[in-house]
Amino acid sequence: MNGALTDRLKAIFRDIETDDVRDGRLTVLAPAASVLSVLRLLRSDGYGYLQLISCVDWIDDGQLEVVYVLSRYLDGEGGIGGGPIRVVLKTRVPRTNASLPTAIEIYPIAEPYEREVHELFGVRFEGHPRLTPLFLEREYEIPPFRKDFDTRQYVEDVFGSVPAVGEESQDS
Amino acid sequence: MDRNQLVKWLEAPAKMAHKYSLHAVYFCTGCGIIEVPPTITARWDAERFGVLPTATPRHANLFLITGYVSVKTLRAIVRTYEQMPEPKFSVGFGSCPINGGMYWDSYNTIKHLDRYIPIDGWIAGCMPRPEAIFIAVTHLWTLIEKDMADGYKRYREHYDEYRANQERVLGKLEWPPLFPMRKDQ
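Quick mapping for you: the protein sequence lines, in order, are chains A and B.
According to our numbering, the residues represented by the first sequence are 1 to 172, in order.
According to our numbering, the residues represented by the second sequence are 1 to 185, in order.
Incorrect hints may appear among the rest.
[To be verified] Not close to chain B: a few residues of chain A, all C-beta gaps over 10 Å, as computed:
1) S34
2) L36
3) E105
4) R130
5) T151
[Said to hold, decoys possible] Now the in silico label distances, taken between C-beta atoms and shown as ranges:
6) A:Q153 to B:R156: 46 to 56 Å
7) A:P133 to B:P177: 40 to 50 Å
8) B:I33 to A:V56: 48 to 58 Å
[Said to hold, decoys possible] Quick look at which bits of chain B chain A covers, simulated, 3 or more residues with Cβ under 8 Å:
9) 37-44
10) 57-66
I should point out that these hints are in silico values taken from the structure, not numbers from a laboratory.
It should be emphasised that the depicted structure is a prediction, and the values quoted were computed from it without experimental measurement.
Cβ coordinates follow ideal geometry from the N, Cα and C atoms, glycine included.
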């Protein structure tokens with residue numbers, strides 16, 4: 001039964017790779033161009049819940065991997081049609097000018113997740129209505145979750161340079 | 001009332017009143033706030049020490065900063081602190097407000113809170129037990145008695161420097177200065 005979804009995905013999208021189902025989890029690797037189509041198919045297949053959008057910085061490959069974790073609600077039989085409970089959809093984009101189409105029209109909940117990935121990893125989501133900062137207050141030259149962001153240097157430059165106030169500042 | 005303290009009451013009634021009616025802002029930041037509900041409720045009962053939580057900073061005079069301070073939280077902390085009426089006492093709770101604690105190399109966490117608002121005392125630990133809050137409160141009594149809990153006076157005195165440090169991290173602040181800036185005069 002578990003093979004059914006994999007076979008169907010492979011039949012429709014020739015350029016995707018799938019992994020074996022482990023712990024009820026199917027991993028799908030898709031190119032950036034077909035991400036929306038795969039998401040749309042999975043959504044119509046019962047994976048109505050986008051758990052999160054995450055991102056991994058593969059700095060040696062010069063790529064950012066955006067990860068969509070989808071799941072379905074269980075019915076009495078342990079899943080509609082007995083498919084895997086969770087689908088992990090991964091796609092890779094180049095680190096420079098990283099951009100992906102937004103998934104909001106398929107999963108409205110993608111809005112905050114995409115804002116988060118945008119501000120922390122610098123992936124642009126084309127068509128997103130407001131890619132404004134979600135958590136951060138400051139401007140960062142390099143998005144802070146990228147591997148080449150030097151946190152210690154940043155802390156030294158920004159917070160280390162704030163002087164002490166009052167008597168303490170006169171002592172030092 | 002403790003009869004031994006009668007002289008103190010007669011000498012400095014306002015000071016004694018400040019000591020025994022510390023109203024803490026119920027301000028939640030970081031993980032330290034987990035320790036506060038048992039502290040103020042039946043298990044440890046902070047009211048024995050005259051400490052009560054208040055819903056608004058405008059009725060409070062004790063500010064417990066209970067954990068790591070992100071840049072966004074600092075904005076809220078400064079706003080809260082400036083709204084409190086004087087005299088006000090602020091206590092940093094846990095290692096993180098002291099020097100960043102385990103977030104010492106985090107890109108978005110304030111390392112030394114006393115550079116942005118004045119702090120009257122620190123409770124070290126990660127996390128401090130609720131008992132540590134009571135030790136801090138009794139220390140604070142001593143400080144108030146000796147006029148050493150003067151954070152709010154320092155804030156007035158060095159307001160330019162505090163405001164400059166706040167703006168350095170938060171960018172332009174959207175509210176006007178609490179006190180007249182020295183360079184304006």
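Hints and how they fare:
1. S34: The claim stands: S34 (chain A) keeps its Cβ more than 10 Å from every Cβ of chain B (closest is about 34 Å).
2. L36: holds, 32 Å
3. E105: Answer for E105 (chain A): holds, closest chain B Cβ roughly 30 Å.
4. R130: holds, 18 Å
5. T151: It is violated; T151 (chain A) is separated from chain B by about 5 Å at its closest Cβ, not greater than 10 Å.
6. A:Q153 to B:R156: 46 to 56 Å: Distance hint for Q153 (chain A), R156 (chain B) is violated at roughly 36 Å.
7. A:P133 to B:P177: 40 to 50 Å: Given range 40 to 50 Å: violated, Cβ gap about 26 Å.
8. B:I33 to A:V56: 48 to 58 Å: violated, 32 Å
9. 37-44: It is violated: at least three residues are needed, and the region 37-44 of chain B offers just 0 whose Cβ sits closer than 8 Å to chain A.
10. 57-66: violated (count 0)
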